[in-house]
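Numbering of the sequence shown is given in numbering that gives the first Met the number 0, commencing with residue 0 and proceeding in unit increments.
Some clues are possibly wrong.
[As the list claims (entries may be wrong)] EDC-like, lysine to aspartate or glutamate: derived pairs with alpha carbons at most 20 Å apart:
id: 1; residue 1: Lys52; residue 2: Glu62
id: 2; residue 1: Lys102; residue 2: Asp38
id: 3; residue 1: Lys52; residue 2: Glu33
id: 4; residue 1: Lys102; residue 2: Asp118
id: 5; residue 1: Lys128; residue 2: Asp118
id: 6; residue 1: Lys102; residue 2: Glu44
id: 7; residue 1: Lys128; residue 2: Glu62
[Claimed, not checked] Distance ranges between label pairs, derived from CB positions:
id: 8; residue 1: Gly86; residue 2: Pro58; range: 41 to 47 Å
id: 9; residue 1: Thr32; residue 2: Thr82; range: 26 to 32 Å
id: 10; residue 1: Gly39; residue 2: Asp85; range: 51 to 57 Å
id: 11; residue 1: Thr81; residue 2: Thr113; range: 34 to 40 Å
id: 12; residue 1: Gln117; residue 2: Ile92; range: 16 to 22 Å
Calculated from the structure, these hints are not laboratory results.
Treat the numbers as computed from the prediction; the structure is a model and nothing was measured.
Beta carbons are placed, not taken as given, at the ideal position from N, Cα and C, and that holds for glycine.
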Amino acid sequence: MKIAVVSLFIMLYALSANFSEVGGEKSHEKKCTEPKASDGHFYMEGCLRITCKNGVWRPSLEETVCCYQRQAYTPHTTITATTAQDGCTTSLIECRQDGGNAKMIVQVGSSCPTVASQDQFEGLQDMLKGQISEIDQLDCSCQTESTSSTTSTTTATYTTSTTTTTTTSTTTT
Numbered sequence: 000m001k002i003a004v005v006s007l008f009i010m011l012y013a014l015s016a017n018f019s020e021v022g023g024e025k026s027h028e029k030k031c032t033e034p035k036a037s038d039g040h041f042y043m044e045g046c047l048r049i050t051c052k053n054g055v056w057r058p059s060l061e062e063t064v065c066c067y068q069r070q071a072y073t074p075h076t077t078i079t080a081t082t083a084q085d086g087c088t089t090s091l092i093e094c095r096q097d098g099g100n101a102k103m104i105v106q107v108g109s110s111c112p113t114v115a116s117q118d119q120f121e122g123l124q125d126m127l128k129g130q131i132s133e134i135d136q137l138d139c140s141c142q143t144e145s146t147s148s149t150t151s152t153t154t155a156t157y158t159t160s161t162t163t164t165t166t167t168s169t170t171t172t
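Could you build all of it, start to finish, from the sequences and the hints given here?
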C-alpha cells in the first residue's frame, strides 16, 4: 500500500510538471526577459519590430513604415527633397502605402525652360525667310521703276546644350 501511494504521488508530480493547469496542454511556452513578455508579443524601436519568439527577442524590419538612414517614416510623408545646382531640377523621396506595406518612391522633376528642337528651329527659320521674301516683294511692287537691287540678310542662332548653330540667309531682289 505504501508503494502504491508513493507511485501515485510520483505520477501526479510528473503529470503536473508536463501539463499546464488550464486545459491539460503541455506548457512549452518560454517567456522573454528584459522586457518580460509572452511568446508573440512585440514592440517597435524605430524601423525595427522586435518580437518575442520561443523566449528570445527577434528583430525584423517593420513593413508598415519606410526606413531611411535608420529613421522610420510613415506613409504619405516626404522623406527628403533636393534641388540641383541648376535651380530647376528637383528630386523627392516619398513614403507611400502599397497594400499593407510601405515603400519608398523616388521622383525627379524639372521646371527648366525647354529649348526648341532642330526641326522646330528649321521650321521657324523657313517661316522667317518666307516673311522676309514677302516684305521684299511688297517693297518692290511699291517702286514703279527701280534699277537698284536690294539685299537683305537674316541671321538666326540656335543653341542646344552641346552645339550652337548660326544660319545666315541673304536675299537679293
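Structure-based check of all given hints:
Taken as a hint, the Lys52 and Glu62 pair is honoured in the structure, with Cα atoms around 18 Å apart against an allowance of 20 Å. For the proposed pair Lys102 and Asp38, the alpha carbon gap of about 29 Å is over 20 Å, so the pair is violated. Distance check on the hinted pair: Lys52 and Glu33 sit about 13 Å apart at the alpha-carbon level, within 20 Å; holds. At roughly 42 Å between alpha-carbon atoms, Lys102 and Asp118 are farther apart than 20 Å, so this suggested pair is violated.
Only pairs whose Cα atoms come within 20 Å are accepted, and Lys128 paired with Asp118 is accepted, the gap being roughly 15 Å. Annotation: proposed proximity of Lys102 to Glu44 holds, straight-line Cα distance about 18 Å (limit 20 Å). With a C-alpha separation of about 64 Å, the suggested pair Lys128 and Glu62 falls outside the 20 Å cut-off, and the hint is violated. Roughly 43 Å separates the CB atoms of Gly86 and Pro58, a value that falls within the hinted 41 to 47 Å.
The supplied range of 26 to 32 Å is broken by Thr32 and Thr82, whose beta-carbon atoms lie about 50 Å from each other. Checked against the given bound of 51 to 57 Å, the beta carbons of Gly39 and Asp85, roughly 53 Å apart, stay inside it. Between Thr81 and Thr113 the C-beta distance comes to about 22 Å, which lies outside the given range of 34 to 40 Å. At roughly 36 Å, the beta-carbon separation of Gln117 and Ile92 lies outside the given 16 to 22 Å, and the hint is violated.
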